[in-house]
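One letter stands for each residue in the lines below.
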Amino acid sequence: ETGVTQSPTHLIKTRGQQVTLRCSSQSGHNTVSWYQQALGQGPQFIFQYYREEENGRGNFPPRFSGLQFPNYSSELNVNALELDDSALYLCASSSGQQETQYFGPGTRLLVL
Amino acid sequence: DQQVKQNSPSLSVQEGRISILNCDYTNSMFDYFLWYKKYPAEGPTFLISISSIKDKNEDGRFTVFLNKSAKHLSLHIVPSQPGDSAVYFCAASAYSQGAQKLVFGQGTRLTINP
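Chains as they are written, first to last, in this note's numbering: chain A, 146 to 257; chain B, -8 to 105.
Read the hints as simulated data drawn from the structure, not as lab findings. Do not take every clue at face value.
What the hints assert, rightly or not - What the simulated footprint calls covered on chain B by chain A, stretch by stretch (three residues with Cβ under 8 Å from a Cβ of chain A suffice, anywhere in the stretch; the number is not a length):
id, region
1, 29 to 37
2, 84 to 90
As the list claims (entries may be wrong) - One-sided and incomplete, this derived list gives chain A residues near chain B with beta-carbon spacing under 7 Å:
id, residue
3, Gln186
4, Phe190
5, Gln193
6, Asn200
7, Leu235
8, Pro250
9, Gly251
Glycine residues also receive a C-beta, built at the ideal position from the N, C-alpha and C atoms.
Please model the entire structure based on the sequences and the hints provided.
Structure follows, in structure tokens:
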């Protein structure tokens, strides 16, 4: 059984640029959630995708957007990057309404 | 508004003894609670969970206790092993706007001393 994978592992961008992060869900999982983890904090919910549609969003501005593809993989896009967007971005997958989410290794984004 | 709190940023325990990690929450709508363990440069790894209709769940060396009236849960690890040294996150699950989202605490860094 393949676990959750994310790419790239690290990324450096400058303020104002755009970034796309990718996630492949665990085999058999159709729901993908994205979280942002700032240094020294717990992960914060960005949004969740189920059946290729966003079905819930945390307290993040519209410049954070996403997609889910028919194979359940997902992308997180962030436009107009700000310094405070520097964080670890985590993708988690789950099976429908199951409560347990399984996380990938994350993408560490640094905005200069 | 921190709905899930882990008030101890760090905890040091001797190998073989019991480790007890604590977590408090404020939202009565949370219906499922999870503990994750995180090593540096890795994503959180699921450890154990508990439904709000139970007060205890055990899996090997790990036991989670839930006290709904106090809005408190704890993770017991016994006996503690050096490989248990990591950051532990408590998370609470709630459905909001059609999504099942996890709300995390700030984490507790557990160090197991030989």
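Checked hints:
Check on the region 29 to 37 of chain B: 6 of its residues sit with their Cβ under 8 Å from a Cβ of chain A, so the three-residue criterion for coverage holds. Under the rule that three or more residues need a Cβ within less than 8 Å of chain A, the assignment of the region 84 to 90 of chain B holds, with 5 such residues. For A/Gln186, the shortest C-beta to C-beta distance to chain B is roughly 6 Å, which falls under 7 Å, so the interface hint holds. Among the interface hints, the one on A/Phe190 holds; its C-beta lies about 4 Å from the nearest C-beta in chain B, closer than the 7 Å criterion.
A hinted interface residue such as A/Gln193 counts as satisfied when its beta carbon comes closer than 7 Å to some beta carbon of chain B; here the least separation is about 4 Å, so the hint holds. With 7 Å as the threshold, the beta carbon of A/Asn200 comes within range of chain B, its nearest partner Cβ sitting at about 4 Å, so the hint holds. Taking 7 Å as the C-beta cut-off, the interface hint given for A/Leu235 holds, the closest approach to chain B being about 6 Å. Against a cut-off of 7 Å between C-beta atoms, the interface hint on A/Pro250 holds, since the closest Cβ of chain B lies about 5 Å away.
Among the interface hints, the one on A/Gly251 holds; its C-beta lies about 5 Å from the nearest C-beta in chain B, closer than the 7 Å criterion.
Checked against the numbered hints listed earlier, the structure breaks none of them; every hint is satisfied.
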